[in-house]
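Chains as they are written, first to last, in the working numbering: chain Y, 1 to 116; chain F, 1 to 115.
Any given hint could be a false lead.
Said to hold, decoys possible - No farther apart than 25 Å at their CA atoms in a straight line, the calculated lysine to aspartate or glutamate pairs in the DMTMM-like style are these:
1. F/Lys57 <-> Y/Glu104
2. Y/Lys57 <-> F/Asp27
3. F/Lys42 <-> Y/Glu44
4. F/Lys42 <-> Y/Asp86
5. Y/Lys57 <-> Y/Glu85
6. F/Lys110 <-> F/Asp17
7. F/Lys107 <-> Y/Glu104
8. F/Lys42 <-> Y/Glu104
9. F/Lys114 <-> F/Glu15
10. F/Lys110 <-> Y/Asp86
11. F/Lys42 <-> Y/Glu68
12. F/Lys110 <-> Y/Glu44
13. Y/Lys11 <-> F/Glu39
14. F/Lys110 <-> Y/Glu104
15. F/Lys71 <-> Y/Glu44
I should point out that these hints are in silico values taken from the structure, not numbers from a laboratory.
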Amino acid sequence: GAGVSQSPRYKVAKRGQDVALRCDPISGHVSLFWYQQALGQGPEFLTYFQNEAQLDKSGLPSDRFFAERPEGSVSTLKIQRTQQEDSAVYLCASSPTGAPTYNEQFFGPGTRLTVL
Amino acid sequence: GENVEQHPSTLSVQEGDSAVIKCTYSDSASNYFPWYKQELGKGPQLIIDIRSNVGEKKDQRIAVTLNKTAKHFSLHITETQPEDSAVYFCAASFDYGGSQGNLIFGKGTKLSVKP
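So that you can see chain F by itself, here it is in the shape it has in the complex (with noise of 0.2 Å):
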């Protein structure tokens, strides 16, 4: 089955640094990598996703790439806030005819923007 890794577990930055979390997939199959981020005491909000169809997508100060060759995604935030601070998960599912697209998570990276 899928198998998604995330690095690094944990990351500290200044605030208005950038900060960059990666992780790759097992499944050459799957095809939907959505990005969330949990804060304390709530459940996962999407924030950002991509299609395998699709090499980057961007949203204001988030960004994320795919390399499906290498099968990696990143999700990069730019001019990084405060309010950022959060663990963020990425995801990868397998989206096809009669699947239901159950995600499978990598362990988290606890971001931590220093004001």
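Okay, chain Y solo, but in the shape it has when bound (with noise of 0.2 Å):
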């Protein structure tokens, strides 16, 4: 079956342009993060979706950062302003359920974003 797919692949940006990045997570799966994951590091939490409902952005950097899930299915997630340190591959992932069970996470490929 179709696992979560993430929109465009790669990306790049010149310093100070927004971007927007789209996830596509397995259909009717609850729960939906981004994670962002600097070269050579492990993914770190950015924000988590429980349907369209946004319950934790404890992890976005900056209020450059914003993410949404209007109908609680797609999520986009925007950078407004690029900097050069938001150069990284954004990852989304989603789960079956939400809170309090929890699940595993499937992982779509990631955007990779550069920012020159």
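With the hints in hand, could you dock these two chains into one complex?
Given below as structure tokens:
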């Protein structure tokens, strides 16, 4: 079956540009996570949605980062006024259920963002 | 908050040998410990996980052990094959009522299996 998909797979932006990264979770999955993975590092949590509700955005590094999931399925991570330190792979993961039951997180292939 | 340390950062073994990767965590409340395999250009893929009420879990050539007292857990791969070559990440999560279980990852171990 279809897994988590992300688009675009690669994005090059000039410093100061705005970017939007899309995540299509597995159909019917309640939970959706965004992670940031710097080169040679493990993924770091950014934000979490349960259906359309953003329950945790404690990992967003600045107010330039914004995420939404308006209909409880597709999610978009937006970065305004991109900086070089935003260069990373952005991973999306989905999980079948929400709190309190924990289930495996299924990851997408990621979007590699390069800010020049 | 939780902190996960992972060792070694690189590991090279001969095909057929065993590989062991170790992780420690800081938050004694963590109760879910998955291991992910990430191949180049792909997202992490779960290979095995363990919960705090279990000390060991095995799935074919892969096993994970957990020592809650010492707050460490390990991944064991036996009879390694070249296709096991990848970056492996351990992670920890605190799963309780009302928590979403966001994962705290280690920095990864690059495993190379030489034919």
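- prompt: Quick one, are lysine 110 of chain F and aspartate 86 of chain Y close enough, alpha carbons at most 25 Å?
  reply: 24 Å, holds
query: Within 25 Å, alpha carbon to alpha carbon, are lysine 110 of chain F and aspartate 17 of chain F?
result: 16 Å, holds
- prompt: Given the hint that lysine 42 of chain F pairs with glutamate 44 of chain Y, does the C-alpha gap stay at or below 25 Å?
  reply: 16 Å, holds
task: With a cut-off of 25 Å on the C-alpha distance, tell me whether lysine 57 of chain Y and glutamate 85 of chain Y pass.
output: Given pair lysine 57 of chain Y, glutamate 85 of chain Y holds - Cα atoms ~19 Å apart, limit 25 Å.
Satisfaction of hint between glutamate 15 of chain F and lysine 114 of chain F, Cα-Cα up to 25 Å: Judged against 25 Å, a Cα distance of about 6 Å means the pair holds.
- request: Take the C-alpha atoms of lysine 110 of chain F and glutamate 104 of chain Y, compute the straight-line distance between them, and say whether it is at most 25 Å.
  value: 23 Å, holds
task: Assess, step by step, whether the Cα of lysine 110 of chain F is no farther than 25 Å from the Cα of glutamate 44 of chain Y, and give holds or violated.
output: 18 Å, holds
message: Next pair to validate is lysine 107 of chain F with glutamate 104 of chain Y; report whether the Cα-Cα distance is within 25 Å.
response: The given pair, whose Cα atoms are some 20 Å apart, holds under the 25 Å limit.
message: What's the verdict on lysine 42 of chain F and glutamate 68 of chain Y, does the C-alpha distance respect the 25 Å limit or exceed it?
response: 24 Å, holds
message: Next pair to validate is lysine 57 of chain Y with aspartate 27 of chain F; report whether the Cα-Cα distance is within 25 Å.
response: 21 Å, holds
message: So if I understand the rule, the pair passes when the alpha-carbon distance is 25 Å or less; does lysine 42 of chain F with glutamate 104 of chain Y pass?
response: 17 Å, holds
message: Between the alpha carbons of lysine 11 of chain Y and glutamate 39 of chain F, is the straight-line distance 25 Å or under?
response: Holds: lysine 11 of chain Y and glutamate 39 of chain F sit about 20 Å apart, inside 25 Å.
In summary, the structure agrees with every hint in the numbered list given earlier.
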